[in-house]
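Colleague: Whenever a hint applies, use it, and build me the whole structure from the sequences.
There are 2 protein chains.
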Amino acid sequence: MSRKREIEKKLKTINAEIGDVIRVICGKEEYEGVLMPHHEFSQENIITIKLKTGYNIGIAVDEKTEITLIQKQKTMEKPVKKIPFDPKKPTISIIGMGGTIACYVDYRTGAVHPASSAEELAFSVPEIFDLCNVRSQVAYQMLSENIEVTQWQRLATLIAEELNNGVTGVVIPHGTDTLGYTAAALSFFLKNLSGPVVLFGAQRSSDRPSSDAAQNLIAAVTVAATSDLGEVVVVMHGEISDAFSTIHRGTKVRKFHTSRRDAFQSVNDVPLGRVENGKLSLQTSYKKKTTGPVIVDSAMDQDVGIVYFYPGLKPEDIPQKKGVILAGTGLGHVSAKLLPCITSRINNGSVFVMTSQCLFGRVNMYVYSVGRDLIKAGVFSGEDMLPETAYIKLMWVLAHKKTRQEVESLMRENLAGEISERTRTDAFLSMRNETTQSEC
Amino acid sequence: MSRKREIEKKLKTINAEIGDVIRVICGKEEYEGVLMPHHEFSQENIITIKLKTGYNIGIAVDEKTEITLIQKQKTMEKPVKKIPFDPKKPTISIIGMGGTIACYVDYRTGAVHPASSAEELAFSVPEIFDLCNVRSQVAYQMLSENIEVTQWQRLATLIAEELNNGVTGVVIPHGTDTLGYTAAALSFFLKNLSGPVVLFGAQRSSDRPSSDAAQNLIAAVTVAATSDLGEVVVVMHGEISDAFSTIHRGTKVRKFHTSRRDAFQSVNDVPLGRVENGKLSLQTSYKKKTTGPVIVDSAMDQDVGIVYFYPGLKPEDIPQKKGVILAGTGLGHVSAKLLPCITSRINNGSVFVMTSQCLFGRVNMYVYSVGRDLIKAGVFSGEDMLPETAYIKLMWVLAHKKTRQEVESLMRENLAGEISERTRTDAFLSMRNETTQSEC
Numbered sequence: 001m002s003r004k005r006e007i008e009k010k011l012k013t014i015n016a017e018i019g020d021v022i023r024v025i026c027g028k029e030e031y032e033g034v035l036m037p038h039h040e041f042s043q044e045n046i047i048t049i050k051l052k053t054g055y056n057i058g059i060a061v062d063e064k065t066e067i068t069l070i071q072k073q074k075t076m077e078k079p080v081k082k083i084p085f086d087p088k089k090p091t092i093s094i095i096g097m098g099g100t101i102a103c104y105v106d107y108r109t110g111a112v113h114p115a116s117s118a119e120e121l122a123f124s125v126p127e128i129f130d131l132c133n134v135r136s137q138v139a140y141q142m143l144s145e146n147i148e149v150t151q152w153q154r155l156a157t158l159i160a161e162e163l164n165n166g167v168t169g170v171v172i173p174h175g176t177d178t179l180g181y182t183a184a185a186l187s188f189f190l191k192n193l194s195g196p197v198v199l200f201g202a203q204r205s206s207d208r209p210s211s212d213a214a215q216n217l218i219a220a221v222t223v224a225a226t227s228d229l230g231e232v233v234v235v236m237h238g239e240i241s242d243a244f245s246t247i248h249r250g251t252k253v254r255k256f257h258t259s260r261r262d263a264f265q266s267v268n269d270v271p272l273g274r275v276e277n278g279k280l281s282l283q284t285s286y287k288k289k290t291t292g293p294v295i296v297d298s299a300m301d302q303d304v305g306i307v308y309f310y311p312g313l314k315p316e317d318i319p320q321k322k323g324v325i326l327a328g329t330g331l332g333h334v335s336a337k338l339l340p341c342i343t344s345r346i347n348n349g350s351v352f353v354m355t356s357q358c359l360f361g362r363v364n365m366y367v368y369s370v371g372r373d374l375i376k377a378g379v380f381s382g383e384d385m386l387p388e389t390a391y392i393k394l395m396w397v398l399a400h401k402k403t404r405q406e407v408e409s410l411m412r413e414n415l416a417g418e419i420s421e422r423t424r425t426d427a428f429l430s431m432r433n434e435t436t437q438s439e440c
Numbered sequence: 001m002s003r004k005r006e007i008e009k010k011l012k013t014i015n016a017e018i019g020d021v022i023r024v025i026c027g028k029e030e031y032e033g034v035l036m037p038h039h040e041f042s043q044e045n046i047i048t049i050k051l052k053t054g055y056n057i058g059i060a061v062d063e064k065t066e067i068t069l070i071q072k073q074k075t076m077e078k079p080v081k082k083i084p085f086d087p088k089k090p091t092i093s094i095i096g097m098g099g100t101i102a103c104y105v106d107y108r109t110g111a112v113h114p115a116s117s118a119e120e121l122a123f124s125v126p127e128i129f130d131l132c133n134v135r136s137q138v139a140y141q142m143l144s145e146n147i148e149v150t151q152w153q154r155l156a157t158l159i160a161e162e163l164n165n166g167v168t169g170v171v172i173p174h175g176t177d178t179l180g181y182t183a184a185a186l187s188f189f190l191k192n193l194s195g196p197v198v199l200f201g202a203q204r205s206s207d208r209p210s211s212d213a214a215q216n217l218i219a220a221v222t223v224a225a226t227s228d229l230g231e232v233v234v235v236m237h238g239e240i241s242d243a244f245s246t247i248h249r250g251t252k253v254r255k256f257h258t259s260r261r262d263a264f265q266s267v268n269d270v271p272l273g274r275v276e277n278g279k280l281s282l283q284t285s286y287k288k289k290t291t292g293p294v295i296v297d298s299a300m301d302q303d304v305g306i307v308y309f310y311p312g313l314k315p316e317d318i319p320q321k322k323g324v325i326l327a328g329t330g331l332g333h334v335s336a337k338l339l340p341c342i343t344s345r346i347n348n349g350s351v352f353v354m355t356s357q358c359l360f361g362r363v364n365m366y367v368y369s370v371g372r373d374l375i376k377a378g379v380f381s382g383e384d385m386l387p388e389t390a391y392i393k394l395m396w397v398l399a400h401k402k403t404r405q406e407v408e409s410l411m412r413e414n415l416a417g418e419i420s421e422r423t424r425t426d427a428f429l430s431m432r433n434e435t436t437q438s439e440c
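First to last, the sequence lines map onto chains R and P.
Mapping the first sequence onto my numbering, position 419 (from 1) lands on 419, and the numbers just tick up by one.
Mapping the second sequence onto my numbering, position 340 (from 1) lands on 340, and the numbers just tick up by one.
Just so you know, the hints here were simulated from the structure itself, not pulled from any lab data.
There are no misleading hints in this set.
Identical copies go unnamed one by one, so any copy, or any two together, can satisfy a pair.
Listed below are the simulated DSSO-like cross-link pairs for lysine-lysine, each with C-alpha atoms no more than 30 Å apart in a straight line:
(1) 89 x 288
(2) 191 x 89
(3) 52 x 72
(4) 50 x 376
(5) 337 x 322
(6) 314 x 337
(7) 89 x 287
Modeller: This is the structure:
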């Protein structure tokens, strides 16, 4: 019998399951904590428990190790009562998409799995019922890197249904990895918004003391229930501290850090506003909500790709697609040796749109000769759009317009705040001279 | 005769050439300024002059327009004297690569062309002779988007020759578009550096009042002539003002803005130091210069590419190369549907290295299931390396190591400051609450 099966048998004998509190005695050492799932990278003879301090430790188990059951896992408190309803308060709708934000129920085991319902998410932060009534549904339980056009389209339909049924706003818990892509897609899909559409997520799950889940949920609900925004926005931590949450325009936001809570930053635009100490403030111009109805226009031509230029990129590395977003260097350049290929692809009907891998600033292909050659070849300017936003937009535009002229014209038009008229000096990130060093 | 030829004839009659001051009288309007080259996007009947204010205007010319010559262009003052030599001062070497930094000679016409020699560049900012003696050569006159492995290799050889011939340091004027890639390449190529290797550029050419060319040159020369750095660094404006120049480690820096002078920012590392009011300060640990000799080890396997993940990326969009840098989402993820392709490519001998399109933060593929699946498939972690630095490094590593184990081990080793041991909270950019708005 393998060591792993042996441990499993030992645990079964004492009726200990994952989530129960157990005591493990190995010689003179004694550990007490919550039994965790066997980690697939651990050796077979290792049992993992989460200590009261919150740390997980792995303990090598042999024949002499004693394991005793201290306490069965408390049954999760299910929302036995119905969600409260107060006719004087606005009603918002939560539409779950999965991600770290929806993982609070696993705090005992530390494993990351989605919650089973959006109600559970709402009940985990009951403060939101002070602000509004809550309706909720789970659209998807997905890791966000697997979310694509199909999911964006269904989500847009659900949002429109909810708003057209009278909710004040919609909040969408979403994995942070591709949250920016979904926000951009919804921005182009949803017209005549009668309420705010607020995407948010969490960089740390609720079992961690540094979790941003609760603050982001409360801030998102505050925006959805109390603002007059008629836009798709992203609400996430504004600083490494819990000082405030920032409201970003859906077409102008990007995840800039793998793990920080203030990972999301606006690009080429100042944020729309913030939620600080429960107070909403909108600091710049925005589209106001309408009286409806919300219209969904979500046709997409998926034959589009993004290529980041690098020295050494060869013509054959540019995918053969109907639409190509180039993320060129600087003001919008690629090496001269790519020109013949780009020219011939455009002559054969492809659409190329130039953005910059700098991410900040505006494409200007008139300054240097290679840029002018790209314009001559028929490459369109992506202005100051993020490459990812230009990608979403081009899929949308190609599904709506047929001729090159129509496509170019619509790509240059500011449809959903994705193109800034002028370049603001305050819409850039700089290194702060922070000196503190702590968990980030 | 076309209108353009007509204008050319008119100018020839009065012996006016590009760069000369002319007066144009159209009816009641009178303009005086420097004759500019005909812009290829201007209509044929347009003549362009640069006014004293620095602005260019286009004037429609017809039969009645009078053009008179006011002053022939002053002949460019060539360095008739030899570059001064003071045996008490250190000697640095300037090795020109082209780019905006080398375009000062065209300030009268406003067109962007490289200078004809690095001496001209040095003489344009004579303050540097107070600091040191200058040797100079032009390695290339290239727009930086065309610079590739071959140019990096020759540049490394020239740098090593200069340092081994006794210069104190080397400064390299370079186009900003791919300056970061060149800095990373030199960081891996050059071993046992006996002096600083300083790359710098200009975001604005010298004809503009906001040019950063002179300050960046002086700061770069200060670092090369007076610091004890034994690293490859990038020196560029530290702020939108002229307050100071920042010294970035060559493997940790990236161009983040298409046009701002403070476009270059360190990623996952604090800058090495700064030059402020002519004073050099180094603020963090760095590799000190040796007594030499400098060794060049520049073998590269160029069969490597970078792929930025996006929702909708298909297996066939991943180039068939020996080495692939993935710029995944978040902690290092791609969609589950790419896994079979990645697994089979790795089984066929390809090397995949995961970096994050967040750019900031560290890859950690152990947190979520897709990350663990990628590790199982054999994807290596790029730790906190920039995708572009990981790309350069993988080309270098593949040319030096044969087995998967050796390649993985070297990719994980910190060879040139490209991997930070720990994640610093102060090595992240945040939106500054700047309120001023001016030309950026």
